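Engineer: Sequence:
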Amino acid sequence: MNLRIVDLPSTQVAFLRYTGPYGPALGDFWRDVFIPWLQANQLDGPTCYGVGLDDPTTTPPEQCRYDACVEVPAGFVAGGPASMTTLPGGRYAIADFRGHARDIGEAWMNMCRQWVPEQHLQFDARPGFERYLPGSRTDPETGLFSCELCVAVR
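Each step along the sequence shown adds one to the number in the numbering used here, with nothing skipped, and position 129 is 129.
FYI, nobody ran anything at the bench for these hints, they're computed from the structure. Owing to the predicted nature of the structure, the values given are computational and were not obtained by experimental measurement. In this text, a Cβ means the ideal position worked out from N, Cα and C, and glycines have one as well. Hints are supplied without guarantee of correctness; some may be wrong.
Stated by the list, open to error - Pairwise CB distance ranges (calculated): (1) 100 with 58: 23 to 29 angstroms; (2) 141 with 63: 34 to 40 angstroms; (3) 81 with 127: 18 to 24 angstroms; (4) 140 with 117: 33 to 39 angstroms; (5) 143 with 118: 28 to 34 angstroms.
Make the full structure from the sequences, and use the hints.
Structural biologist: And the structure:
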(Lines of atoms letter the chains of each structure in order from A; the text may use other names.)
(Lines give C-alpha, C1' and ligand atoms only; values in the text may rest on other atoms or scores of the structure.)
Protein backbone atom coordinates (compact mmCIF):
# COMPACT_ATOMS: atom_id res chain seq x y z
CA MET A 1 0.00 0.00 0.00
CA ASN A 2 1.12 3.50 -0.79
CA LEU A 3 0.85 5.65 2.35
CA ARG A 4 0.61 9.42 2.07
CA ILE A 5 -0.10 12.24 4.52
CA VAL A 6 -2.85 14.68 3.50
CA ASP A 7 -4.65 17.58 5.20
CA LEU A 8 -8.36 17.03 4.56
CA PRO A 9 -11.06 19.68 5.01
CA SER A 10 -13.98 19.04 7.34
CA THR A 11 -16.92 17.59 5.43
CA GLN A 12 -20.66 17.79 6.10
CA VAL A 13 -22.31 14.40 5.65
CA ALA A 14 -25.65 12.69 6.02
CA PHE A 15 -25.40 9.21 7.48
CA LEU A 16 -27.26 6.03 8.33
CA ARG A 17 -26.01 4.04 11.32
CA TYR A 18 -25.46 0.30 11.45
CA THR A 19 -24.94 -1.40 14.81
CA GLY A 20 -23.60 -4.93 14.91
CA PRO A 21 -20.57 -6.99 13.94
CA TYR A 22 -18.28 -5.59 11.28
CA GLY A 23 -17.68 -7.85 8.30
CA PRO A 24 -20.05 -9.15 5.60
CA ALA A 25 -23.10 -7.56 7.25
CA LEU A 26 -21.70 -4.11 6.41
CA GLY A 27 -21.79 -4.93 2.70
CA ASP A 28 -25.40 -6.04 3.12
CA PHE A 29 -26.18 -2.76 4.92
CA TRP A 30 -24.71 -0.71 2.07
CA ARG A 31 -26.50 -2.76 -0.62
CA ASP A 32 -29.89 -3.15 1.07
CA VAL A 33 -30.23 0.06 3.10
CA PHE A 34 -27.71 2.81 2.33
CA ILE A 35 -27.52 2.68 -1.49
CA PRO A 36 -31.34 2.62 -1.89
CA TRP A 37 -31.51 5.61 0.49
CA LEU A 38 -28.86 7.44 -1.59
CA GLN A 39 -30.82 6.78 -4.77
CA ALA A 40 -34.14 7.85 -3.22
CA ASN A 41 -32.52 11.14 -2.16
CA GLN A 42 -30.65 11.65 -5.47
CA LEU A 43 -27.29 11.43 -3.67
CA ASP A 44 -25.68 8.54 -5.54
CA GLY A 45 -22.91 10.68 -7.11
CA PRO A 46 -20.99 12.38 -4.28
CA THR A 47 -18.14 10.98 -2.21
CA CYS A 48 -19.21 8.42 0.40
CA TYR A 49 -17.54 7.45 3.66
CA GLY A 50 -17.63 4.44 5.96
CA VAL A 51 -16.85 5.37 9.56
CA GLY A 52 -16.17 2.60 12.05
CA LEU A 53 -16.79 4.19 15.43
CA ASP A 54 -15.64 1.30 17.62
CA ASP A 55 -12.56 -0.91 17.84
CA PRO A 56 -13.79 -4.45 17.15
CA THR A 57 -10.91 -5.87 19.21
CA THR A 58 -12.23 -4.19 22.38
CA THR A 59 -15.97 -3.69 21.71
CA PRO A 60 -18.45 -6.58 21.74
CA PRO A 61 -19.49 -7.28 18.11
CA GLU A 62 -23.17 -6.54 18.73
CA GLN A 63 -22.24 -3.06 20.02
CA CYS A 64 -19.94 -1.97 17.17
CA ARG A 65 -21.23 1.15 15.42
CA TYR A 66 -20.60 2.09 11.79
CA ASP A 67 -21.87 5.14 9.91
CA ALA A 68 -22.39 4.94 6.14
CA CYS A 69 -22.07 8.58 5.06
CA VAL A 70 -22.45 10.72 1.97
CA GLU A 71 -21.11 14.22 1.39
CA VAL A 72 -24.01 16.65 1.12
CA PRO A 73 -24.32 20.26 -0.04
CA ALA A 74 -24.83 23.15 2.36
CA GLY A 75 -28.47 23.44 3.33
CA PHE A 76 -29.21 19.74 2.88
CA VAL A 77 -31.79 18.51 5.38
CA ALA A 78 -31.63 14.84 6.33
CA GLY A 79 -34.96 13.10 6.57
CA GLY A 80 -36.28 9.74 7.64
CA PRO A 81 -33.65 7.48 9.13
CA ALA A 82 -30.71 9.75 8.25
CA SER A 83 -28.82 12.10 10.55
CA MET A 84 -26.27 14.83 9.88
CA THR A 85 -22.73 15.28 11.17
CA THR A 86 -19.42 16.80 10.16
CA LEU A 87 -16.37 14.63 9.57
CA PRO A 88 -13.52 16.57 11.17
CA GLY A 89 -10.77 17.87 8.95
CA GLY A 90 -7.07 17.74 9.66
CA ARG A 91 -4.06 15.56 9.00
CA TYR A 92 -4.70 12.00 7.82
CA ALA A 93 -2.53 9.08 6.77
CA ILE A 94 -4.18 7.71 3.63
CA ALA A 95 -3.63 4.40 1.87
CA ASP A 96 -5.31 3.13 -1.29
CA PHE A 97 -7.19 -0.16 -0.97
CA ARG A 98 -8.39 -2.43 -3.75
CA GLY A 99 -9.72 -5.82 -2.89
CA HIS A 100 -12.63 -7.81 -1.51
CA ALA A 101 -14.66 -6.87 1.54
CA ARG A 102 -13.18 -9.85 3.38
CA ASP A 103 -9.69 -8.27 3.03
CA ILE A 104 -10.37 -4.75 4.28
CA GLY A 105 -10.12 -5.63 7.99
CA GLU A 106 -6.60 -6.96 7.50
CA ALA A 107 -5.66 -3.84 5.50
CA TRP A 108 -6.89 -1.65 8.37
CA MET A 109 -4.88 -3.71 10.88
CA ASN A 110 -1.72 -3.50 8.77
CA MET A 111 -2.11 0.23 8.33
CA CYS A 112 -2.71 0.91 12.03
CA ARG A 113 -0.24 -1.58 13.49
CA GLN A 114 2.55 -1.40 10.93
CA TRP A 115 2.55 1.43 8.38
CA VAL A 116 1.50 4.35 10.59
CA PRO A 117 3.94 3.44 13.42
CA GLU A 118 6.76 2.89 10.88
CA GLN A 119 6.25 6.49 9.74
CA HIS A 120 6.61 7.64 13.38
CA LEU A 121 3.13 9.14 13.35
CA GLN A 122 0.84 9.41 16.35
CA PHE A 123 -2.83 8.54 16.18
CA ASP A 124 -5.37 11.28 16.79
CA ALA A 125 -8.74 10.89 18.55
CA ARG A 126 -10.68 11.76 15.38
CA PRO A 127 -12.34 8.76 13.74
CA GLY A 128 -10.74 7.00 10.82
CA PHE A 129 -12.82 6.21 7.76
CA GLU A 130 -13.00 4.64 4.35
CA ARG A 131 -13.44 7.21 1.59
CA TYR A 132 -15.26 6.05 -1.55
CA LEU A 133 -14.65 8.54 -4.34
CA PRO A 134 -17.28 9.07 -7.05
CA GLY A 135 -17.24 6.19 -9.49
CA SER A 136 -15.73 3.68 -7.06
CA ARG A 137 -18.31 0.91 -7.15
CA THR A 138 -18.05 -2.77 -6.40
CA ASP A 139 -17.47 -4.86 -9.52
CA PRO A 140 -20.49 -7.21 -9.57
CA GLU A 141 -18.51 -9.96 -11.34
CA THR A 142 -15.41 -10.03 -9.12
CA GLY A 143 -16.59 -8.38 -5.90
CA LEU A 144 -13.55 -6.08 -6.00
CA PHE A 145 -13.85 -2.48 -4.88
CA SER A 146 -11.57 0.49 -4.25
CA CYS A 147 -11.45 3.04 -1.47
CA GLU A 148 -9.02 5.09 0.57
CA LEU A 149 -8.30 4.12 4.17
CA CYS A 150 -7.94 7.34 6.16
CA VAL A 151 -6.46 7.40 9.69
CA ALA A 152 -6.32 10.62 11.71
CA VAL A 153 -2.75 11.42 12.77
CA ARG A 154 -0.76 14.27 14.26
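Engineer: Taking the CB of residue 140 and the CB of residue 117, does the distance hold inside 33 to 39 angstroms?
Structural biologist: Roughly 37 angstroms apart at Cβ, these two residues keep to the hinted range, so it holds.
Engineer: Given a hint of 18 to 24 angstroms, does the C-beta separation of residue 81 and residue 127 actually sit inside it?
Structural biologist: With Cβ atoms ~20 angstroms apart, the hint holds.
Engineer: Regarding residue 141 and residue 63, is the given constraint of 34 to 40 angstroms on their beta-carbon distance met?
Structural biologist: 35 angstroms, holds
Engineer: CB of residue 100 to CB of residue 58, is that within 23 to 29 angstroms?
Structural biologist: 25 angstroms, holds
Engineer: Determine whether the Cβ-Cβ distance between residue 143 and residue 118 falls within the hinted range of 28 to 34 angstroms.
Structural biologist: 30 angstroms, holds
Hint compliance for this structure: no hint is broken.
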